[in-house]
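J.: All chains should be built: construct the whole structure from the sequences, respecting the hints.
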Amino acid sequence: MNKQVSHIGIAALVLLSALIVGTTYWQTWANAGLADRQDNEIRLVAQFSIKRGKIYASDGRTLLATNVSEKRAGRTLYFRRYPTGPIFSDVVGYSTQTRNRTGIELSYNDYLTGSNANLDSVVRSALDKLKGTTVTGNDLVLTIRPAAQALALRLLRGKCGAVVALDPSTGRVLVMATSPTYNANLIEDRFGVATRTSLPCGAPLLNRATVGKYPPGSTFKMVTAAAALDTGRFTPDSQFYDPGYCEEYGKQVRNAGNPEAPETFGHVNLSTGFEHSINSVFCNVGKALGAGTILDYAKRFGFYSLPPLELPESERAASGLYDHGRLFDPKHPDTQVDPGRLAFGQERLAVTPLQMAMVAAAIGNHGAEMRPQIVERIVAPGGKKIAHLQPDQLGQPIKRQTADELTRMMELVVTGGTGTAASIPGIKVAGKTGTAEVGRGNIYTAWFAAFAPADAPRVAIAVVLEHQLNGFGGTVSAPIAKQVMEALLR
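If you count the sequence shown from 1, you need to add 240 to reach the working numbering.
The hints are simulated quantities; they were obtained by calculation from the structure and are not laboratory data.
Since the model is a prediction, treat every value here as computed from it, not as a measurement.
Please note: incorrect hints may appear among the correct ones.
Pairs of lysine to aspartate or glutamate residues, derived as EDC-like cross-links and limited to a Cα-Cα distance of at most 20 angstroms, are as follows [as the list claims (entries may be wrong)]:
#, residue 1, residue 2
1, Lys453, Glu677
2, Lys668, Glu726
3, Lys668, Glu651
4, Lys539, Asp569
5, Lys491, Asp578
6, Lys491, Asp574
T.: Written out as structure tokens, the structure reads:
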């Protein structure tokens, strides 16, 4: 009998322990995970009882996300409204009842609902619940400049593409515009209208600035030139002879222009090859360096990694070589990758506008690459600052001397090369054009990447336009970059 009582007692202790452990787990460690599970209906309803924090542009006045209250079944619920309509949709995202969340609304949901681990927020939310008053979340102030953002979207109107602008010395994202875009106010009740577009590229919910993957064309010559100079294999004065093509695998890789009569420059140096974007020069540089070295420098700039931005992981993409839709990091690059075509941005390269803006920003920042950041500060309902952006250096992909030499070469592109349409009176601009073939006749992906002022840059930018008929980066993308940079530098 004593043995049976002992067994029952042990079993009771085990069950009690399991109950205590389970309760503790679900109420503490797993609580944050439950809050993030978007299929949890109870939590979802509870979220709309909270007055979400507001989201502002960098000026602290332009309201990007706010709330409207509704009485339902005796309860006051709060639903999102976006006063600027589509202008900030791809960054801010949306928070809805049935479509869940995207963008900053998702990645900063804990702060916006006051459920983050910050002590002030925890105490404030707990007191609000005890008093039976509405829990109010924290406000966010973003780094995006509202006037420049609106301008970028106007310049993209009717086109498929994106504009990304950064502050090279801090990593602040100053502009992140993508087209086509959508009106977040329509997502809940008029989803079909919100996602409708007449543009050929479609997919207005896609943030092309961070997820769009495009062949970079000659903008990738920034990376190749960085590798050429940084390794010491070449200098800006290294000599080449350009007959209009480069021999590779027994075939001619021709310069831009009429395939039957490509541009021919004769005797040039590396700097001139960069200024006029001569494919044959960079094809030969690529063959000399090897694909492995070029890819190594690309990785130094952040290729093959998700950009460390505050957007959700699903809204960011890595740049690099892609094979059948999958990121391809070759084990034997010298035999698996065409070094000549890689060097001038073709092969199987696919990059995001954000990544190319980061490359330009690092060069302008004397070789130091900063973490891109969208959230300037987080403010409690009473006005107390909870967190503030702290510039964070990701690395030093190239030496200062290399960056400064490359800056001079990029200045030549704008003063007398392929990017003269980006010149700004009284301001030195350093830039690089890119026109990538997409395998459909005279249809191109047109690029321009730049920073200004060249000696002490306050803005770095990347502009990409899809489906451009006979549209070269220097003629269609550079003018957009110029106008956005002018707006940011004013």
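J.: Would you check the hint for Lys491 and Asp578, treating anything up to 20 angstroms between C-alpha atoms as holding?
T.: holds (12 angstroms)
J.: Lys668 and Glu651: Cα distance at most 20 angstroms?
T.: holds (7 angstroms)
J.: Given the hinted pair Lys668 and Glu726, is their alpha-carbon gap at most 20 angstroms?
T.: With Cα atoms ~12 angstroms apart, Lys668 and Glu726 stay inside 20 angstroms; holds.
J.: Holds or violated: are the alpha carbons of Lys491 and Asp574 at most 20 angstroms from each other?
T.: holds (18 angstroms)
J.: Between the alpha carbons of Lys453 and Glu677, is the straight-line distance 20 angstroms or under?
T.: Given that 20 angstroms is the threshold and the Cα spacing comes to 14 angstroms, the pair holds.
J.: Lys539 and Asp569 were given as a pair; does the straight-line alpha-carbon distance stay at or below 20 angstroms?
T.: holds (10 angstroms)
Violation of the numbered hints given earlier is absent; every hint is satisfied by the structure.
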